[in-house]
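Asker: Sequence:
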Amino acid sequence: MSKVLSLLLLLFLPLTSGLPGMPEANPRALFSQAYTLYSTGNLSEAEELFFRTLDQDYVLSDYSLYYLGLIASKRGSPETARGFFALLRRLFPQSVWRSQAELQMAKLAIDEKDHARAMEILQSLRAQRPRREISDESLYLLAQIHEALGKLEEAHSFYQELRRSSPLSSWASKARQDVSRLREENPERFVLNTSESLSAEGELLLQERQFAEAEKVYRKVLEMVPAGNSRPALLMALANVYRAARNREKGILVLSEIVRHFPQSPEAPNALYRLARTYWNLDDNLKAMDHFNQLKKKYPASSFIDFADFASARIHESLGNTEEAIRIYRDFSKRFPASQLRQEAAWRLAWIHYLQGQHEKAYQAFKRLSTGNEGDRYQTAAYYWQARTALKMGLAEEAKGIFVAIFNAPEDSYYKGAAARSLQKMGVAFDPKGLDGPISEVSNSQPVLIPEAAFHLIRARELTEISLSILAVAELDEIKNDGGDPGLYSLLMREYARNGAYRRSVSLANRIRGSSDELQRFRYPLAYWEKVDKLAVELGLDPFLVVALIRQESLFDPYALSPASAYGLMQLLPTTAAREAKQMGLPVPNPETLFDPDVNLKIGIHHLKGLLDRYENNLPRAIAAYNAGENAVARWQRQIPAEDDEEFIERIPYAETRLYVKLVLRNQLSYRKIYNNQARFEAKEGS
Numbered sequence: 070m071s072k073v074l075s076l077l078l079l080l081f082l083p084l085t086s087g088l089p090g091m092p093e094a095n096p097r098a099l100f101s102q103a104y105t106l107y108s109t110g111n112l113s114e115a116e117e118l119f120f121r122t123l124d125q126d127y128v129l130s131d132y133s134l135y136y137l138g139l140i141a142s143k144r145g146s147p148e149t150a151r152g153f154f155a156l157l158r159r160l161f162p163q164s165v166w167r168s169q170a171e172l173q174m175a176k177l178a179i180d181e182k183d184h185a186r187a188m189e190i191l192q193s194l195r196a197q198r199p200r201r202e203i204s205d206e207s208l209y210l211l212a213q214i215h216e217a218l219g220k221l222e223e224a225h226s227f228y229q230e231l232r233r234s235s236p237l238s239s240w241a242s243k244a245r246q247d248v249s250r251l252r253e254e255n256p257e258r259f260v261l262n263t264s265e266s267l268s269a270e271g272e273l274l275l276q277e278r279q280f281a282e283a284e285k286v287y288r289k290v291l292e293m294v295p296a297g298n299s300r301p302a303l304l305m306a307l308a309n310v311y312r313a314a315r316n317r318e319k320g321i322l323v324l325s326e327i328v329r330h331f332p333q334s335p336e337a338p339n340a341l342y343r344l345a346r347t348y349w350n351l352d353d354n355l356k357a358m359d360h361f362n363q364l365k366k367k368y369p370a371s372s373f374i375d376f377a378d379f380a381s382a383r384i385h386e387s388l389g390n391t392e393e394a395i396r397i398y399r400d401f402s403k404r405f406p407a408s409q410l411r412q413e414a415a416w417r418l419a420w421i422h423y424l425q426g427q428h429e430k431a432y433q434a435f436k437r438l439s440t441g442n443e444g445d446r447y448q449t450a451a452y453y454w455q456a457r458t459a460l461k462m463g464l465a466e467e468a469k470g471i472f473v474a475i476f477n478a479p480e481d482s483y484y485k486g487a488a489a490r491s492l493q494k495m496g497v498a499f500d501p502k503g504l505d506g507p508i509s510e511v512s513n514s515q516p517v518l519i520p521e522a523a524f525h526l527i528r529a530r531e532l533t534e535i536s537l538s539i540l541a542v543a544e545l546d547e548i549k550n551d552g553g554d555p556g557l558y559s560l561l562m563r564e565y566a567r568n569g570a571y572r573r574s575v576s577l578a579n580r581i582r583g584s585s586d587e588l589q590r591f592r593y594p595l596a597y598w599e600k601v602d603k604l605a606v607e608l609g610l611d612p613f614l615v616v617a618l619i620r621q622e623s624l625f626d627p628y629a630l631s632p633a634s635a636y637g638l639m640q641l642l643p644t645t646a647a648r649e650a651k652q653m654g655l656p657v658p659n660p661e662t663l664f665d666p667d668v669n670l671k672i673g674i675h676h677l678k679g680l681l682d683r684y685e686n687n688l689p690r691a692i693a694a695y696n697a698g699e700n701a702v703a704r705w706q707r708q709i710p711a712e713d714d715e716e717f718i719e720r721i722p723y724a725e726t727r728l729y730v731k732l733v734l735r736n737q738l739s740y741r742k743i744y745n746n747q748a749r750f751e752a753k754e755g756s
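Per my numbering, numbering of the sequence shown is gapless, rising by one per residue and ending at 756.
Don't read these hints as lab results, they were simulated from the structure.
C-beta: ideal position from N, C-alpha, C; glycine also.
Among these hints, one or two may not hold up.
Pairs of lysine-lysine residues, derived as DSSO-like cross-links and limited to a Cα-Cα distance of at most 27 Å, are as follows [what the hints assert, rightly or not]:
#: 1; residue 1: Lys319; residue 2: Lys365
#: 2; residue 1: Lys365; residue 2: Lys403
#: 3; residue 1: Lys600; residue 2: Lys678
#: 4; residue 1: Lys356; residue 2: Lys319
#: 5; residue 1: Lys356; residue 2: Lys289
#: 6; residue 1: Lys671; residue 2: Lys603
#: 7; residue 1: Lys678; residue 2: Lys603
#: 8; residue 1: Lys285; residue 2: Lys176
#: 9; residue 1: Lys600; residue 2: Lys549
#: 10; residue 1: Lys742; residue 2: Lys600
#: 11; residue 1: Lys182; residue 2: Lys220
#: 12; residue 1: Lys469; residue 2: Lys436
#: 13; residue 1: Lys243; residue 2: Lys289
#: 14; residue 1: Lys494; residue 2: Lys436
#: 15; residue 1: Lys469; residue 2: Lys494
#: 16; residue 1: Lys243; residue 2: Lys143
#: 17; residue 1: Lys403; residue 2: Lys430
#: 18; residue 1: Lys671; residue 2: Lys651
#: 19; residue 1: Lys671; residue 2: Lys742
#: 20; residue 1: Lys367; residue 2: Lys356
#: 21; residue 1: Lys143; residue 2: Lys182
#: 22; residue 1: Lys436; residue 2: Lys461
The calculated label-pair distances, taken between Cβ atoms and stated as ranges, are [claimed, not checked]:
#: 23; residue 1: Pro479; residue 2: Lys436; range: 20 to 30 Å
#: 24; residue 1: Ser634; residue 2: Asp352; range: 16 to 26 Å
#: 25; residue 1: Arg580; residue 2: Asp183; range: 39 to 49 Å
#: 26; residue 1: Val260; residue 2: Tyr723; range: 38 to 48 Å
Use the sequences and the hints to build the structure in full.
Answerer: In structure tokens, the structure reads:
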């Protein structure tokens with residue numbers, strides 16, 4: 070008889086009588102069936118099967134104890150529930166359910182009005198620094214207890230602490246509602262009647278993405294402070310709200326007030342800088358130039374001066390004032406030797422020479438960049454364009470040698486594909502397998518694990534076997550690798566991938582040095598492949614392009630949510646999703662629905678297909694539009710005469726979009742290289 074069951078017989082003899090005489094069954098099958106029954110609300114049968122797993126010292130006994138405690142609690146048997154939770158804590162102190170068990174014990178105490186005991190448990194639980202969701206709920210329950218005891222100030226304080234510490238959690242949302250209720254019911258205690266208290270509330274609302282409410286609060290503060298030294302800081306706070314809400318028009322008005330009325334304030338240089346950037350992003354180059362010039366003239370010691378100088382050169386370029394742009398770029402490294410924009414200025418200077426047909430100057434400029442320190446941002450790009458320039462100078466053999474070197478380089482790079490296309494245009498035969506880097510084996514040996522890590526790994530693997538991937542990932546997350554052991558990275562990479570936790574597995578694969586076919590498959594997984602392949606083929610798209618884009622957008626995290634409120638695998642904005650759904654004859658999805666992979670992929674792939682149709686299957690333009698929008702690409706098509714796609718990509722004004730296009734194309738190339746015609750046979754469906 071197992072140790073667990075022996076203790077149960079002592080604690081709960083009436084409940085467990087007769088269980089040892091039941092016929093034995095496979096404990097894995099018992100647990101899987103019990104979990105399914107529990108999940109569907111069949112508590113009686115689930116309880117019996119969870120008990121039977123305990124009889125066999127099953128590896129997931131801590132799980133069985135936790136669910137038995139929940140079942141007892143739901144049935145109104147608090148003492149029995151407490152016994153299960155206490156046994157879990159006693160026998161399995163390392164269990165991922167220990168903190169949850171303590172939280173449940175606190176809830177039982179709350180139900181019995183034993184507030185002192187509940188507070189003791191919750192305070193102890195918080196001191197253990199549990200997972201964020203448990204910490205948040207603990208804080209919320211502490212607030213609720215204090216409110217029930219009539220200690221409203223303490224309750225309000227706990228609610229506010231929760232809002233500050235975890236502003237986007239569901240518990241913080243509840244706390245915000247409770248704070249509003251407390252303030253309405255007790256205005257004499259919690260009224261926000263000072264600029265300081267209102268400002269603090271405005272900052273909280275901004276962090277919670279409650280932009281409309283934050284705007285109201287800051288407007289109220291500004292009415293209270295019509296003048297004085299604090300007004301520019303308040304105006305900047307309001308401008309931050311408009312920036313987060315992507316309301317440029319209102320943002321411009323507020324920033325302009327700071328610049329006009331408070332030029333000596335600490336906020337003025339930042340306001341002028343943000344105005345200049347806003348006008349530049351709106352393609353109003355003359356206004357942008359004027360504001361950048363004002364910034365350089367009025368605030369020469371500002372930390373924004375190097376960017377203002379660089380941006381001025383970029384604008385001169387776009388306006389055709391190339392000589393002035395050349396002058397600024399040429400002097401940039403001397404004026405700003407520590408600036409992170411030095412390399413970009415040198416890159417822009419090389420490009421001006423290239424576009425003007427000054428091939429010798431361009432060649433030398435690209436060569437200087439390409440021979441910089443290893444890992445420099447533009448090293449590979451400059452090497453490629455050095456070769457392109459050499460071609461224009463009639464140096465075909467040199468160009469060929471550079472293209473081949475890039476093509477055979479070990480690292481994944483957009484420029485591998487660009488070099489391959491250049492070699493094809495030159496009529497040079499090359500081996501597509503040359504895209505593979507040097508082979509190195511990935512460690513598949515079991516690293517030596519400390520007992521705590523082994524505890525979680527055993528459970529993770531068992532949960533994987535019964536397809537409880539979310540629970541398996543929670544166990545894997547408990548395994549720490551503070552020493553950076555490559556063997557442990559390799560082990561965790563494989564385990565995460567088996568459970569569809571691709572964001573984690575890809576991140577770990579990228580930490581492992583070297584390259585091999587196996588490692589590349591972990592770096593570029595065929596996540597959600599059955600769905601992607603089916604939807605893409607139906608619309609005539611390359612499914613490798615779709616997974617390449619998803620990898621860049623969300624790293625296959627179906628619950629990804631960007632600061633701009635883009636949702637899910639393909640990072641769809643609700644407005645984009647609504648437009649596409651209407652075109653497809655589908656109901657308009659609410660934002661939460663976009664976390665569903667089926668919905669997100671169906672709408673996202675349709676959106677990508679529409680962009681490819683719009684740009685006549687031109688990949689760089691369609692990918693750029695996916696990132697920056699159709700209006701931006703239409704503007705660039707008018708403003709950027711390009712000899713070919715490679716030139717167009719390099720001249721995309723938005724650095725983020727320029728990099729995004731290169732990375733998606735790199736991903737697509739890598740997927741084709743790794744899987745080729747094997748994709749439909751080796752795919753693994755994401756969880």
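Asker: Taking the earlier hints as the rules, which of them does this structure contradict?
Answerer: 5, 8 and 9
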